[in-house]
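Visitor: This is what each chain is made of:
There are 4 protein chains.
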Amino acid sequence: MNSFGTNFRVSIWGESHGEAVGITIDGCPPGIEITDECFSHDISRRKSGAKGTTPRIEPDRPMVLSGIYNNHTTGAPITVMVNNTNTRSKDYKDITYRPGHSDFVAEKKYKGFTDPRGGGHFSGRLTLGLVIAGVIAKKIVNNINIKAEIIEIGGSTDFDSAINKAIENNNSIGGIVECIASNIPVGLGEPFFDSVESVISHAVFSIPAIKGIEFGSGFESAKMTGLQHNDLIVDKSGKTETNNAGGINGGITNGNDIIFRVAVKPTSSIAAEQSTLNKKNNKIEPFKLIGRHDACIALRVPVVLEAVTAIALADLKQRAY
Amino acid sequence: MNSFGTNFRVSIWGESHGEAVGITIDGCPPGIEITDECFSHDISRRKSGAKGTTPRIEPDRPMVLSGIYNNHTTGAPITVMVNNTNTRSKDYKDITYRPGHSDFVAEKKYKGFTDPRGGGHFSGRLTLGLVIAGVIAKKIVNNINIKAEIIEIGGSTDFDSAINKAIENNNSIGGIVECIASNIPVGLGEPFFDSVESVISHAVFSIPAIKGIEFGSGFESAKMTGLQHNDLIVDKSGKTETNNAGGINGGITNGNDIIFRVAVKPTSSIAAEQSTLNKKNNKIEPFKLIGRHDACIALRVPVVLEAVTAIALADLKQRAY
Amino acid sequence: MNSFGTNFRVSIWGESHGEAVGITIDGCPPGIEITDECFSHDISRRKSGAKGTTPRIEPDRPMVLSGIYNNHTTGAPITVMVNNTNTRSKDYKDITYRPGHSDFVAEKKYKGFTDPRGGGHFSGRLTLGLVIAGVIAKKIVNNINIKAEIIEIGGSTDFDSAINKAIENNNSIGGIVECIASNIPVGLGEPFFDSVESVISHAVFSIPAIKGIEFGSGFESAKMTGLQHNDLIVDKSGKTETNNAGGINGGITNGNDIIFRVAVKPTSSIAAEQSTLNKKNNKIEPFKLIGRHDACIALRVPVVLEAVTAIALADLKQRAY
Amino acid sequence: MNSFGTNFRVSIWGESHGEAVGITIDGCPPGIEITDECFSHDISRRKSGAKGTTPRIEPDRPMVLSGIYNNHTTGAPITVMVNNTNTRSKDYKDITYRPGHSDFVAEKKYKGFTDPRGGGHFSGRLTLGLVIAGVIAKKIVNNINIKAEIIEIGGSTDFDSAINKAIENNNSIGGIVECIASNIPVGLGEPFFDSVESVISHAVFSIPAIKGIEFGSGFESAKMTGLQHNDLIVDKSGKTETNNAGGINGGITNGNDIIFRVAVKPTSSIAAEQSTLNKKNNKIEPFKLIGRHDACIALRVPVVLEAVTAIALADLKQRAY
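Residue numbers (the numbering used here), protein chains in the order written: chain U, 5 to 325; chain B, 5 to 325; chain X, 5 to 325; chain C, 5 to 325.
Calculated directly from the structure, the hints in this document are not laboratory data. Please note: incorrect hints may appear among the correct ones.
All copies of an identical chain are treated as equivalent in the list; a pair is satisfied when it fits inside any one copy or across any two copies.
In the DSSO-like style, the derived pairs of lysine-lysine whose C-alpha atoms are separated by at most 27 Å in a straight line are [stated by the list, open to error]:
#	residue 1	residue 2
1	Lys292	Lys243
2	Lys243	Lys55
3	Lys55	Lys169
4	Lys283	Lys243
5	Lys321	Lys143
6	Lys240	Lys283
7	Lys292	Lys112
8	Lys169	Lys112
9	Lys240	Lys321
10	Lys243	Lys287
11	Lys169	Lys51
12	Lys240	Lys115
13	Lys240	Lys51
14	Lys143	Lys51
15	Lys143	Lys115
16	Lys112	Lys55
17	Lys169	Lys143
18	Lys51	Lys284
19	Lys284	Lys151
Keep in mind the model is a prediction, meaning the values are calculated, not measured.
The shape of chain U in the complex, shown without the other chains:
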């Protein structure tokens, strides 16, 4: 459903072109200082406007509706809403199944009642709620530093050239984002089913466009031998010589950095000609998508990835006896 977490639980709601998007955060301890400014930094990191991102720019001012009093969390659920102001619904008037998007599945799953405007509830705009919850989650896991960054675009580390090429061709391009969480206590994660990898990956795959995740040496591990892969413990803190495990053994943090990478597919919305069906099952060819899009959605992923990582770790932190 639209909630995630056990003891630190976020519930997300909203549609791209509806009244607002928002999130309700339950299980936040009382006494954490939160001012409006706390949200600004990460919200602006998520914003579009840079090359390769959509020109749809919204003020994205978070309105706190509950759970914060005198600039501190109260222990009651925190609801934060962001109004949708810059919605150009005419772009989406005709319901055609945009290639790569959820339009087709949404139409079928919800029996024709889905809000189709801008992807409705499936829109990437909902990640704004994740970023807001992430700001609070980062304060809960406050000694842990979480940092995500793009490490590859279109298979290359020359990001600019890859993006320029995509823009020139009315096309889009994928990328890889790496996230490192450092200063990790030993013992986060719960066997059997709530391993750190399970909980983080569950949260990560809620971010639209993510198609893969790997921890530590990840898919490279499949080519390695045990002697190469085993991380030898060097002192009683649990520090290891190498970190092929990505800081996790048996699903539990071992005190070394949590490291993982995610694969971000190229933005599905492209201006280049494609073909598809519309709601009446008529073939539409050529299909040309009008609207404002990100040439490389991976560019906007890092702050969202940090947010869901913080949310996942905050939940695991609050599960300890």
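Fit chains B, X and C to the given chain U structure using the hints.
Guide: Showing chains B, X and C alone in chain U's frame:
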């Protein structure tokens, strides 16, 4: 915790060298035919004995304790237990943190009270419960075919030679397993947080040794353009020309095959010399591991991967209104 | 936490004197017609203004923020917010632990960070969210009729005189509300822990001021013999001669009416003189409560009781395979 | 479903005449000392054999299958099983809907696949698992004392005479059990939906035969005025002059004793003549029940009531940040 699923929920328990391992399956509809023979096939696929797998061979006879009456599920919780018979605990007498294993984190997380014998609750032996639940889950999603197989060992498709080399060197080797679920209805998966990828990956990372997962073109997507990656719909069933999405858009099944691959790290237990610490924080060097181990644990993953996929899909199936 | 339900899940948020109160409803099937008018009837039933209820009258206009499009549910989470407009915070400036209220426990549990204004998150005003969710839940269980009414105030069926006496004495008075749900299918409820009684009582005790619940003949059962209490089945529909079980056997609906009664304590807020402590642990005597209060909060319970009953039954309905 | 609890979670399974009944306990902290003897006292309190209880006497030896090592909890799930040894299935050969029992609803809900022997999964025998989990839960909430006792049978405090009369008439009789938990910390319970009353009542109504619950002055509150009912705080510990609230304000413990009472219906199984239908919808009249039964099931409720109270409080205790 040790439960997974909302409407079809499995709860796993047991230790490698304790009385038994088992699983309780809640939410199974009544009237599904289950005989002892139903379990045999998948349990024997999981068994060791082949080259590259541990010589620890146990009868692994499942005992149904509840929930099945007159060879049919009753709707009440099904508990199935498998006794541990072939436990050579003397192999594990001294508590040394075996490299790559959970011994260190288990000791710290559980404050010295963990059962250390054979990895205790962290042992791969617990996957027997997953296989048992998978047998039932496969019957629930009965029109869906789920098939997993090894596609690469040690970076190569010449599996024999990769395994032989590992055995010769007292070493181990990793591999990649691919799972394909076909004949999928449109509409499984729940936004925002219970996307098919989220739910499957959550379950998959509970299998020991898995370090990465990718859906459809996965990490390759990160190198692709939108024009290459977008799967064009060709008819009203939702069939697409290509299947880069791995059968999932916006977290929801689109009717095409669900395809994903997992990276399996090399078995941590190897006979080759390593170094580590023991429980008293003394350096142990050289450290030589005695016991019975799999040279390539990936060989035993396919049936377990099918099982957790079936469990995840059964849960999603039972969430529809 | 602040969520209730498995497949039909409501998450409540807000404070009495904060920006707004609201609720998010997840798991609502698509295609249910909802207009603003749908909410009006039950919201106005909950409203104060009648004799025995607080003169705090607010417009209580529900604003739908998500999940409804073209006057139909979309299948996405529905968030409805009601602004707080008539908040007279000066009434609550000094933090004194009002007798019978949650002020003391809230202060301690949330380490001094609770929002104390009007009871904050503990306020009966939050039941507005329940009523809103109840309107939708009633549509989900649409063939079931749910009707609650006061059957006793202050131990008497002469409600007026009991209330008048309480008002004259600057006092308050308790009451009993009965709820009957009819046209019930056989088979709602889940063993072992989600019996109909368990799920309804869980929801009911979230309504402030409820101190007891009994199903069917309830506490009277404790005085009865088996011959008196057993309801004999008269036909294959499951209809029984008597309904001492309140429509529930073994936690499962048997097709007869679900009948239960709740005890509502007298409103804690009274103008009569009492004594208490303040936040600094100083004795305050006499303590006189200023503000606007209900002389008999039971008067406002029926519509809320119907709402939580509908919410509980909607959740149970959506759990069937 | 068949699980209860968030951070301390019990999952129950088994049937009256199946192989075994049992329970899996997840979220138990490591290091709690548990020997076989720990279970004996409460299991023997639950046992039958006294006047008014069934002559079905079973050894009821708990077998620990997992989660306990060297007589201490390990932090892994604890599964405890009790074999069914004394099952006289011939008593239940013909499927007739016993009045007051779940036979009819079980048959319908599970489409004819339910295990009908002795009530199957609906049998009171499953409360054995609750008692076992209660033993562990009591150790988790170790400073809290939980004590339940019968206070009324058949409306009278002369228990013997009420029971004798029921036995003489081949009849059964109901009763009231009171539970007091003392030495309670301030702050257990979670708004909005997980009030102490909500969580306890949810667990309590899973005990077969319970038809009502009231906290503090309970249904008597409905007759009281605010001045009578409000408990005045007398010192900074939160101690109150009276305890009409039963130790709970706003759903949160206030440091005073938690007090509640439950109504236990008369045992449904009686030897006196009744009428009913069988599975083929034929009227059976007279219907005479053969088998071994409790004349007053309330006699066996206290230890089970303590157990579920301990389970509920253990879960709430482990939810604190």
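Visitor: Taking the earlier hints as the rules, which of them does this structure contradict?
Guide: 2, 8, 13, 16, 17, 18 and 19
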